[in-house]
Structures are given as structure tokens and as C-alpha cells.
Amino acid sequence: MNSHKPPEPQNDAPGDIAQKHDLELLKSVFNGIDEIIYVSDPETYELLFVNHAFVKIWGHAPPGSKCHKVLQNRESPCPFCTNNIILNHSRPK
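For the sequence shown, the residue numbers in the numbering used here are 1 to 93.
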């Protein structure tokens with residue numbers, strides 16, 4: 001019995017395929033860098049991507065992990081967080 005399943009048909013538009021290719025290329029470049037790289041959502045603080053160097057230092061970050069919890073073991077955003085600058089919001093007083 002052959003357990004190999006044929007690939008599922010893809011219904012992606014050409015632009016979607018190109019975008020997925022670009023994303024995979026970017027991940028490959030980031031994973032080839034020996035410095036720690038991570039991408040987090042500036043509104044939710046969720047880690048969206050971590051490279052191999054990050055995993056070597058901090059281990060795997062499960063989907064939905066908050067950057068402040070994984071990186072600083074904090075329950076709330078770091079006081080030195082720059083997301084307000086990224087989002088062009090004023091700092092809370």
C-alpha cells in the first residue's frame with residue numbers, strides 16, 4: 001500500500017503564489033543570518049516569525065506567544081517597547 005498522498009490542488013491566484021514565494025525567500029534569508037531576528041505584531045505583541053538563531057537562544061516560540069513574555073518574562077509589554085513609535089502613537093503617561 002502506497003502511503004504517499006498526491007499533492008492537493010492549489011487554487012491560488014498567480015499573485016498569491018508569488019507572495020508565498022517571496023515570503024519563503026525572506027524566511028530563508030532571515031534563517032541564514034546568525035543574528036537573532038524576530039517579527040512581532042505591533043498591536044498584539046504576538047511573535048509572528050523567529051529565525052533559527054532566535055530558536056538556538058530562546059527555544060521555540062509557540063504561535064501566539066507574546067514577545068514580552070518570551071524575551072523578558074513579563075506579563076505586560078516592556079516599558080522600553082518602541083511599538084508606539086512604529087504605530088505613531090504617543091507614549092502613555
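Note that these hints are calculated values from the structure, not bench results. Accuracy of the hints is not assured; some may be wrong.
To be verified - Across the chosen pairs, the derived CB separations fall in these ranges:
#1 Leu48 with Ile17: 32 to 40 Å
#2 Pro62 with Asn31: 27 to 35 Å
#3 Asp34 with Gln72: 18 to 26 Å
#4 Ala13 with Ser76: 35 to 43 Å
From the three backbone atoms N, C-alpha and C, an ideal C-beta is built for every residue, glycine too.
Against the structure, the hints come out as follows:
1. A beta carbon spacing of about 21 Å between leucine 48 and isoleucine 17 contradicts the range 32 to 40 Å that was offered as a hint.
2. Taking 27 to 35 Å as the suggested C-beta distance range, the pair proline 62 and asparagine 31 does not conform, at roughly 18 Å.
3. Checked against the hint of 18 to 26 Å, the C-beta distance between aspartate 34 and glutamine 72 comes to roughly 22 Å, which is consistent with it.
4. A beta carbon spacing of about 41 Å between alanine 13 and serine 76 agrees with the range 35 to 43 Å that was offered as a hint.
Checked against the numbered hints above, the structure violates hints 1, 2; every other hint is satisfied.
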